[in-house]
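Visitor: Sequence:
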Amino acid sequence: MAASSPTPGGGLGAILAAGDRDYLIRNSGEQVKISSIEGDTVAIYFSASWCPPCQRFTPKLIEAYKELTSHGKSFEVIFVSGDQDEEAFNAYFAKMPWLAVPFSDSEGRKSLDERFEVNGIPHLVFLDAKTGEVLTDEGVEFVSEYGIEAYPFTTERINELKEQEKAAKDNQTIHSVLATPNRNYVISNTGEKVPIVDLEGKYVGICFVVNGYPPVEEFTPVLAKIYAKLKEVGEKFEVVAVSLDSDEESFNNSFSSMPWLAIPQGDKMCQKLVSYFELSDLPTLVLIGPDGKTLSSNIADIINEHGLDAWEGFPFNAEKLEILAEKAKAKAASQTLESLLVTGDVDFVIGKDGAKVPVAELVGKTVLLYFSAKWCGPCRAFLPTLVDVYNKIKEKNSDFEIVFISSDRDQSSFDDFFSGMPWLAIPLEDERKAYLKKKFKIRGIPSLVAIGPDGKTVNTDAKTSLAVHGADAFPFTSERIQELEKKIDEMAKGWPEKVKHELHEHELVLIRRPRPYGCDGCEEMGTSWSYNCAECDFDLHAKCALGEEKKGEEVNGQEHAAAPAGYVCEGDVCRKA
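Number 3 in UniProt numbering belongs to position 3 of the sequence shown; there are no gaps in the numbering.
Just so you know, these hints were derived from the structure itself, not from any lab. Ideal Cβ placement from N, Cα and C applies to all residues, glycine included. Just so you know, not all the hints are guaranteed correct.
As the list claims (entries may be wrong) - Simulated crosslink set (SDA-like; lysine to any residue; CA at most 20 Å straight-line):
1. Lys486 / Gly521
2. Lys95 / Asp85
3. Lys456 / Phe316
4. Lys439 / Leu510
5. Lys231 / Asp198
6. Lys236 / Cys270
7. Lys396 / Ala330
8. Lys110 / Asn90
9. Lys130 / Glu156
10. Lys268 / Thr173
11. Lys162 / Cys270
12. Lys202 / Thr69
13. Lys498 / Glu479
14. Lys193 / Lys95
15. Lys60 / Ser246
16. Lys293 / Phe237
17. Lys439 / Ile323
18. Lys500 / Arg480
19. Lys433 / Ala224
20. Lys352 / Phe400
21. Lys95 / Phe116
22. Lys95 / Thr69
23. Lys231 / Leu308
24. Lys365 / Gly470
25. Lys166 / Ala333
26. Lys225 / Lys352
27. Lys60 / Ser144
28. Lys268 / Ile121
29. Lys486 / Leu510
30. Lys392 / Arg480
31. Lys130 / Phe116
32. Lys498 / Arg480
33. Lys438 / Thr457
34. Lys268 / Thr58
35. Lys441 / Glu278
36. Lys231 / Asn189
Unchecked claim - Cβ pair distances, simulated, as ranges:
37. Glu232 / Glu322: 54 to 60 Å
38. Ala332 / Asp113: 54 to 60 Å
39. Val499 / Asp388: 17 to 23 Å
40. Lys231 / Glu322: 20 to 26 Å
All chains should be built: construct the whole structure from the sequences, respecting the hints.
Guide: The structure is reproduced here in structure tokens:
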């Protein structure tokens, strides 16, 4: 949080005036003398129409501005545009009820950017109008979290609000969590208003939701089944959805399928609860006890790990969680390929042209479960490597197979991607996919999970093993990987301790790496040993630092590419790092 500090050069006039310009403008074109601005607190708002975060924040600032001015608060906002042309500026400024630096004064706008060290937008700086003193440069955060309650937007006021939050948590009740001065109810998806008093004495799950977000959409049906089961056995349990959707239609689309209650869409309490519970991930399910106190900040992970069985852990105290853990351990010990891939009458996977292959034909083989999708760039990049390794392993080992588990969103994408794979797959619309993703906690794709001949899981990160050691990694057990690592360790004894390389200005030192790394030469994955520059965080495989002919064929565990450098996969979304 920025401390209050004096702004060089005096009061508001010295900050906002430029050259012969001693005025600002309204969206009507009216010029307003800077010296006539009335307001104890002035906010300088750096924003642009092309910026999505600005588009989301501007309505919040407009709402806060209108509320403050209607309540007679001494407050003004001045817009400093980052738009590329005057037409875009005019269209954006037309929605704003405050003042702006003229778009034509590019030097004045640039000077303000530099003065307040604007490195990203939206950016909101609050000033004392009389002295020009900076009250805070974290205005976006303050308005988003506290709205008009943050006025006059000083550090002291924010600290006061945080103290109030702490006191509220210490004295928390279900009413303080869910109610507002103007609303003492939540709603059902039929529009019925349910008094919050009806939730007293119950366990209440506060479920944060966003329409269309895959992890939430996968989590919600499982929670619905647990909710129904707990109701069936007579537990006093309720769920209240907190929608983060920005429009009524999205809220209605998601809420219509939920059997529980919700805070009305657009209610300011939704945003307050994001801050109050320090939301950092979705899905999140906060558990409130019968006394209104928070029992757990997020039990979504427990539900994702145990699926429908999680209901047996209710209300998720230490004793019940220990029972769940023991049950999960027993389940893992009895795991078979059939228990993973057979559900009811669905006891097959598919080959080309949709031909059904009984799961029974895979029993006794090492099976890789391949989580991937056509839309995912890193998956497309990894596929040729996987096909090559698959063919090499199959040449020597008939007791090996891969099963593709797709995250594609339509049949044509699935068919097109699967057509380039010489192995088997689970059908696109098959419910087993969601179960397997949850069981193996798939957070990113591409991912490979290795199942041994006895049906037990032998490697939940077989992709790294395969990318580093290639076909030699088969059968992907910890014993096999350790054997390969020891072999490389022996070879490393004959490598020079230091080398100079044309790709880097500093001397590189041979070190043992505790975890996989990316080679800055070939951009492929490596493990075990690296020629490293600690100062620059630069790494080269031994094969890249020494040349293939100097280190022999044995270390070809580092010759297979993983996902391209610069990409990160999280859930069903692949992003550039």
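Visitor: Next, verify each hint and record whether it holds.
Guide: Consistency of the hints with the structure:
A C-alpha spacing of about 24 Å is found between Lys486 and Gly521, which places the hinted pair above 20 Å, so the restraint is violated. The hinted pair formed by Lys95 and Asp85 meets the criterion: a straight-line CA distance of about 17 Å does not exceed 20 Å. For the suggested pair Lys456 and Phe316, the alpha carbons sit about 28 Å apart, so the restraint of at most 20 Å is broken. For a cut-off of 20 Å, the pair hint linking Lys439 to Leu510 is broken: about 39 Å separates their Cα positions.
Distance check on the hinted pair: Lys231 and Asp198 sit about 15 Å apart at the alpha-carbon level, within 20 Å; holds. Taking the CA atoms of Lys236 and Cys270, the gap is about 24 Å. The hint is violated against a cut of 20 Å. About 34 Å separates the Cα atoms of Lys396 and Ala330, which puts this hinted pair outside 20 Å; it is violated. Restraint check: the Cα-Cα separation between Lys110 and Asn90 comes to about 18 Å, which is no more than 20 Å; the hinted pair holds.
The suggested pairing of Lys130 with Glu156 holds, with an alpha-carbon distance near 18 Å, which does not exceed 20 Å. Our distance criterion of 20 Å between C-alpha atoms is met by Lys268 and Thr173, whose separation comes to about 18 Å. Of the pairs offered as hints, the one joining Lys162 and Cys270 holds, with about 18 Å between alpha carbons and a cut-off of 20 Å not exceeded. Between Lys202 and Thr69, the direct Cα distance comes to roughly 41 Å. Violation of the 20 Å bound is thereby established for this hinted pair.
Restraint check: the Cα-Cα separation between Lys498 and Glu479 comes to about 31 Å, which exceeds 20 Å; the hinted pair is violated. Distance restraint check for Lys193 and Lys95: the Cα-Cα separation of roughly 34 Å exceeds the 20 Å cut-off, and the hinted pair is therefore not satisfied. Pair hint Lys60 plus Ser246 holds up; C-alpha atoms about 11 Å apart against a cutoff of 20 Å. Restraint check for Lys293 and Phe237: the C-alpha separation of about 14 Å stays at or below 20 Å, so the hint holds.
Only pairs whose Cα atoms come within 20 Å are accepted, and Lys439 paired with Ile323 is accepted, the gap being roughly 18 Å. A hinted pair counts as satisfied when its Cα atoms are at most 20 Å apart, and Lys500 with Arg480 does not qualify at roughly 33 Å. For the hint pairing Lys433 with Ala224, the CA-to-CA distance comes to about 18 Å; that is within 20 Å, so the pair holds. Taking the CA atoms of Lys352 and Phe400, the gap is near 17 Å; set against the 20 Å cutoff, the hint holds.
Restraint check for Lys95 and Phe116: the C-alpha separation of about 24 Å exceeds 20 Å, so the hint is violated. Between Lys95 and Thr69 the alpha-carbon distance is near 16 Å, which keeps this suggested pair within the 20 Å criterion. For the suggested pair Lys231 and Leu308, the alpha carbons sit about 14 Å apart, so the restraint of at most 20 Å is met. Taking the CA atoms of Lys365 and Gly470, the gap is near 19 Å; set against the 20 Å cutoff, the hint holds.
Restraint check: the Cα-Cα separation between Lys166 and Ala333 comes to about 45 Å, which exceeds 20 Å; the hinted pair is violated. Pair hint Lys225 plus Lys352 does not hold up; C-alpha atoms about 35 Å apart against a cutoff of 20 Å. For the hint pairing Lys60 with Ser144, the CA-to-CA distance comes to about 7 Å; that is within 20 Å, so the pair holds. For the suggested pair Lys268 and Ile121, the alpha carbons sit about 23 Å apart, so the restraint of at most 20 Å is broken.
In summary, the hint linking Lys486 to Leu510 is supported, as the alpha carbons are separated by about 16 Å, within the 20 Å threshold. Distance restraint check for Lys392 and Arg480: the Cα-Cα separation of roughly 17 Å lies within the 20 Å cut-off, and the hinted pair is therefore satisfied. A hinted pair counts as satisfied when its Cα atoms are at most 20 Å apart, and Lys130 with Phe116 qualifies at roughly 18 Å. Proposed proximity of Lys498 and Arg480 is contradicted: the alpha carbons are some 29 Å apart, above 20 Å.
For the hint linking Lys438 to Thr457, the alpha-carbon distance of about 14 Å falls within 20 Å, and the restraint holds. A threshold of 20 Å between alpha carbons decides the hint, and for Lys268 with Thr58 the separation of about 16 Å falls inside it, so the pair holds. Proximity of Lys441 to Glu278 is assessed by CA-CA distance (about 23 Å); at most 20 Å being required, the pair is judged violated. Of the supplied pair hints, the one linking Lys231 and Asn189 holds, its CA atoms being roughly 18 Å apart against a limit of 20 Å.
In this structure, Glu232 and Glu322 break the distance hint of 54 to 60 Å, their C-beta atoms being roughly 24 Å apart. A hinted range of 54 to 60 Å for the beta carbons of Ala332 and Asp113 is consistent with their spacing of about 57 Å. One distance hint, 17 to 23 Å for the beta-carbon pair Val499 and Asp388, is violated here, with the actual separation near 29 Å. At roughly 25 Å, the beta-carbon separation of Lys231 and Glu322 lies within the given 20 to 26 Å, and the hint holds.
In summary, the structure is inconsistent with hints 1, 3, 4, 6, 7, 12, 13, 14, 18, 21, 25, 26, 28, 32, 35, 37, 39 from the numbered list given earlier, while agreeing with the others.
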